[in-house]
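> Now for the letters of each chain:
There are 4 protein chains.
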Amino acid sequence: MHAAATSTPERQAFYDRLAPNNLAPLWEVLGALITREPQSPCIPAFWRYGDVRPQLMEAGRLITAREAERRVLILENPGMPGKSCITHTLYAGLQLILPGEVAPAHRHSQSALRFVIEGNGAFTAVDGERTLMRPGDFIITPSWTWHDHGNETEEPMVWLDGLDIPLVGFLDASFAEPGNAEQQMETKPVGDSLARYGMGLMPVDWKPATPTSPVFNYPYDRSREALETLKRADDWDPCHGLKLRYVNPATGGSPMPTIQPFMQLLPAGFRTESYRSTDATIYVAVEGSGTSRIGDASFHWQPHDVFVVPSWCPVRHEAGPESVLFSFSDRPVQQALGLWREDRQARAA
Amino acid sequence: MHAAATSTPERQAFYDRLAPNNLAPLWEVLGALITREPQSPCIPAFWRYGDVRPQLMEAGRLITAREAERRVLILENPGMPGKSCITHTLYAGLQLILPGEVAPAHRHSQSALRFVIEGNGAFTAVDGERTLMRPGDFIITPSWTWHDHGNETEEPMVWLDGLDIPLVGFLDASFAEPGNAEQQMETKPVGDSLARYGMGLMPVDWKPATPTSPVFNYPYDRSREALETLKRADDWDPCHGLKLRYVNPATGGSPMPTIQPFMQLLPAGFRTESYRSTDATIYVAVEGSGTSRIGDASFHWQPHDVFVVPSWCPVRHEAGPESVLFSFSDRPVQQALGLWREDRQARAA
Amino acid sequence: MHAAATSTPERQAFYDRLAPNNLAPLWEVLGALITREPQSPCIPAFWRYGDVRPQLMEAGRLITAREAERRVLILENPGMPGKSCITHTLYAGLQLILPGEVAPAHRHSQSALRFVIEGNGAFTAVDGERTLMRPGDFIITPSWTWHDHGNETEEPMVWLDGLDIPLVGFLDASFAEPGNAEQQMETKPVGDSLARYGMGLMPVDWKPATPTSPVFNYPYDRSREALETLKRADDWDPCHGLKLRYVNPATGGSPMPTIQPFMQLLPAGFRTESYRSTDATIYVAVEGSGTSRIGDASFHWQPHDVFVVPSWCPVRHEAGPESVLFSFSDRPVQQALGLWREDRQARAA
Amino acid sequence: MHAAATSTPERQAFYDRLAPNNLAPLWEVLGALITREPQSPCIPAFWRYGDVRPQLMEAGRLITAREAERRVLILENPGMPGKSCITHTLYAGLQLILPGEVAPAHRHSQSALRFVIEGNGAFTAVDGERTLMRPGDFIITPSWTWHDHGNETEEPMVWLDGLDIPLVGFLDASFAEPGNAEQQMETKPVGDSLARYGMGLMPVDWKPATPTSPVFNYPYDRSREALETLKRADDWDPCHGLKLRYVNPATGGSPMPTIQPFMQLLPAGFRTESYRSTDATIYVAVEGSGTSRIGDASFHWQPHDVFVVPSWCPVRHEAGPESVLFSFSDRPVQQALGLWREDRQARAA
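Here the protein sequences line up with chains A, B, C and D, keeping their order.
If you're matching positions, the first sequence starts at 1 in the working numbering and goes up one per residue.
If you're matching positions, the second sequence starts at 1001 in the working numbering and goes up one per residue.
If you're matching positions, the third sequence starts at 2001 in the working numbering and goes up one per residue.
If you're matching positions, the fourth sequence starts at 3001 in the working numbering and goes up one per residue.
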């Protein structure tokens, strides 16, 4: 927005005298601080599940879930190596729990989502209730709730973790506490929270105490059934195909205050128009296959592959067969702060 | 709250001079206007379905749905005869549509609920979408939406209508319009709105434009499944057993701004403690049987029976076998206005 | 909306058999219940202060404030004689407190506004804080707060009371309690609530516990100064001139959940276009003079005169000199319930 | 929270093979990412105005406001040198405009506050309305509004700028645009927005379109008058004395979605108890003098001095004479996201 001021020896000498007083001239950096458009360090990125899975299984041989506390391979955005983040504000990783293992109880102010990739029937326990995990399920661990994971099945269990770790770190608001037992006690029947809050009804005197959804498992069979019904309307958004956002039924808002997850169906052969928005988005392919052009990069995806669309970077998806994509971003943060923008006529990607 | 002032001839003469100027002395009526506790004209009342049904079927022989526009027997509170209301603020009636009949399209500012009593598969169409009606379904007709009903099955169809007619009349806000065709065109697939808004997801760019739920059928099989799951928690409210309120998933509030419906399960032999609240409530028995003591009255109910608990009148329910009750009241109005009260230790009824 | 069905002897006999069972045929009354447009019993009405004042002073000689509890002449809408209401949902009256008198402490679920007509410096006390009353001040008594009034000046004090008595009665939600002392103790300095909540700041940890404004006096000098500044913008609404609504600074909503007050300036000679809305409105002239045409009636007003515009009745104001009008209605109720409508091109009044 | 796993050559070799695939082992960094308590790079810091002012005036000689676009000395937190931030999420600087100068029109998605230090009567123009700046005034430049500053007085004008630049940068949501003229046209009278939205009333049909306050100048004389009235209540918060937050009168929330400003009075000799919260806070002394102990640092402040309390760092203030402090933080961000915490019994600082 602003060309830097002419440098002169006198000015430079002045700047040198400012620094010891913890002062600096705004006009030297204004254009870099307040940019005409987002200038993100986050870049388009792609992880082929077929490549990652062997390394995840190797991790399974090298360290136990107990020793690791959480046995996760972080998906690091190549634009920010060593920063443990997949976008500027969000973290993602692939977590593995082997049969018989436990990821011990703890709690933290960071909110987490789990999107189930592989395996069937391991559990996440939150505040005394277990939920069984099946491929395509979207599961929440609300901020500051006790949670542990366990796998009492015969198969390895793999899911994608999405957390707001960079954001909470940036806000200097991280708190954490280990449990005093490896696993919490089960105090509620399986399925209780979905029945209590997610079937169009709620307890007569219940009021939400936090902004996080009281439903903590959104099973894939329900989400998929919704897509299946809605595709009959044959009413496709040119930028998105059929795109839904997961909802906190107590407010109509996002299931977590920091992360909005989405589920999207593209009919066979559908090609979206170029689109961009300020919320960098992490995608996981669930069904089908296709190609996404993100800025200058192009990725061909199949089920379980993960890719990232940075802030304000144009994206275009093209489905091969009918395809389903799960995705998530920090959109509710940007919307709460009045900062979110989208551009439905993004210049061609 | 206030004993009327002493009457004197001089005062009376003064009052007589006030009236022609549209003036009146407050102190003569203050105690009647601002009462220590609610003094409702609404009284406890009961309709045995076995008694009403023959009269409803007789109505079916005497007038067509087309001629009647809506063939409904109003349930009139005996405390307010001729007022077409079941409580002070709400209207209820039993509507019959015979095979092959149509209740023609119209719209009005009044909100309506339908609770299905008998029959299977007749439809209500709202804004281009049909929903099939099955016993126990709770269905909404939002304010000012085009709606018509039709019965293409072989059986009579009966449901309970609940509307805010007295309230909208009191607010002088009634608007209505007949359709220009008997039936509206079907523009959306059956089940569309439930899939679009009621499965834990919503269209990515959708925002609610009205306070009414975008889901307009809450099927009984879902509600009943929720009750079935939750009863495993074995955590009973002494005043209510297991009581849920229907929810607008876009806000967490009531499905309609003027009426809150509820669904409640009482385990076999459960006896609630005495309870009262300021929202007069209409009950419909759905399953089981039991007895409700309401003020000084006592009613034994079976499926399809309807009864009324007036404002601030203590009520106690006792279930025979496991029982399910549907109910509705104007609670969201009272809560929006800061007027709702409840008393969980009501003096014994 | 619906022509009544043809009457036949057989039908009539059927209707007669319904009544004892508390049943009635909807089709006989549908058109009267669900009207195409509001059909209010409320009619245009007018009270000339010059006529009412002598009767109010006579009341001051015939009964004490203490005996009357509140010495008020109710302004009764001539369309609803004996109902103690000025519109279908609201009550209004003129209250007089003579020098040295007290209107004793009580509380009730009804919300009250006071709009000061005459006198200078009597007080209303609410929850331990006194506010001094000056002409044009708009003062709130929130639901269920202890309040008393006193006049320690040398002059009679007159104000207009506006309450939601009919509405609270219709909702069967009236509660009231007399104080155990005639006057409450003064526990806060005069002006505390306005300074605490009304100057663009609020206590750091305070959260509103009720929907009513924490500011309970909106002094006329502030309101008038706002009008005086804004008229410089010379930007007049054709239907309203310059019309402001009083605001609860904790929410941006109405100061009370059931009543919205307004303040309005019409420049000299301004003639508004015909307008109507569903919230019947009570006006008080504050400054200037003019004529309002309401439906077929026409009233010429001067300061302190009161008049009523019924629901959906077209109104047109014409100012003589620059004029100020205070008004209030049940608009927040209608808006909360999704029922409020306005018509800015009302057919000529 | 978690001790790093034992390192072995085999594991290290594995980690080395992960990096090229943009993968990393969570267990090596978990304890650093999810900390038991906030671990901020922000440290306590202090700027004596008497020291900064000469350098600011020197800047006034070395560069014009026009060339600089904004002639500001950034206050850089010494814990994050070169990052142009005063806390982790916020930016602050001291801006100088000399008589006759103009800071040209531009707009950006970043929100700004101005807190006036020195000078009297220069203006900030926002969306066609000028507001005159006086010491102690708190002024808003809402996100994406055109704004320019000018000084038509005879004195230098200095104010503190507070912006959400680091936060908007972290969210990758920066947009900016230069004006096509140096100064925008004045289209509204001075004082219009305060009169229109800040006097307890609002335009009858106005609805907020953004989360930012429609009032953009909160003059010091009003804020100071509120403090003066409220101190008569003699009701002091042990941690804060008398602390108020500035409010958006359209919502009751913060004046800007990303920044909450506060105004606080400490009576002479008052010593607050130790307190901490997760929102790092920037203070400006307005009146009086005192000492603040922040973690292990201790600063003695006088009017115009600036100091920073980092996240979760205990602070204790001690006033000499009666003192007034202005402060601001990112609290509304943390509260919107459910992350804000405070500790009123912070371990002794």
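Simulated from the structure, these hints should not be mistaken for lab results.
A virtual CB, placed ideally from N, CA and C, is assigned to each residue, including glycine.
Careful: at least some of the hints might be erroneous.
Among chain A residues calculated to face chain B with C-beta under 8 Å, some are [claimed, not checked]:
id, residue
1, R11
2, A181
3, M185
4, P203
5, L244
6, M263
7, P267
8, A268
> Each hint: holds or not?
Each hint tested on the structure:
no.: 1; hint: R11; verdict: violated, 50 Å
no.: 2; hint: A181; verdict: violated, 23 Å
no.: 3; hint: M185; verdict: violated, 15 Å
no.: 4; hint: P203; verdict: holds, 6 Å
no.: 5; hint: L244; verdict: holds, 4 Å
no.: 6; hint: M263; verdict: holds, 6 Å
no.: 7; hint: P267; verdict: violated, 16 Å
no.: 8; hint: A268; verdict: violated, 20 Å
Against the hints set out earlier in the document, violations occur for numbers 1, 2, 3, 7, 8.
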